[in-house]
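Asks: Sequence:
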Amino acid sequence: MRQLQQYYGIDGCSLNWIRNFLSGRTHTTRIGNVVSEPLDLCSGTIQGSGIFPLLFIAYINELADVLSEYKVTVKILQTIESCMQF
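Under the working numbering, the first residue of the sequence shown is numbered 1, with each subsequent residue one higher.
One thing to keep in mind: the hints can contain errors.
Straight-line distance between alpha carbons at most 25 Å, and here's what the computed SDA-like set of lysine to any residue pairs gives [what the hints assert, rightly or not]:
| id | residue 1 | residue 2 |
| --- | --- | --- |
| 1 | K75 | D65 |
| 2 | K75 | F52 |
| 3 | K75 | Q5 |
Hints in this document: simulated from the structure, not taken from any laboratory.
Whenever a hint applies, use it, and build me the whole structure from the sequences.
Replies: Laid out in structure tokens, this is it:
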């Protein structure tokens, strides 16, 4: 949640909505007619959720910061504008 506040300025009701969306989730598995007991989820997002790209970017940004503290260079995207000719 700190990344969403620090990097993107998300706070207040929006931050609370995201926090509630990600907390208290469980997972069950169904094989045929048998359903497992619910297990608490402690990470990840719901597949296909529209919020996943934002959370992924926030995670990657922090990961790059942590790695840079250990002198690890991270290059995720590189612009190619200088190679484009019009």
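Asks: Give a verdict on every hint.
Replies: Results of checking the hints against the structure:
no. : hint        : result
1   : K75 <-> D65 : holds, 12 Å
2   : K75 <-> F52 : holds, 21 Å
3   : K75 <-> Q5  : holds, 23 Å
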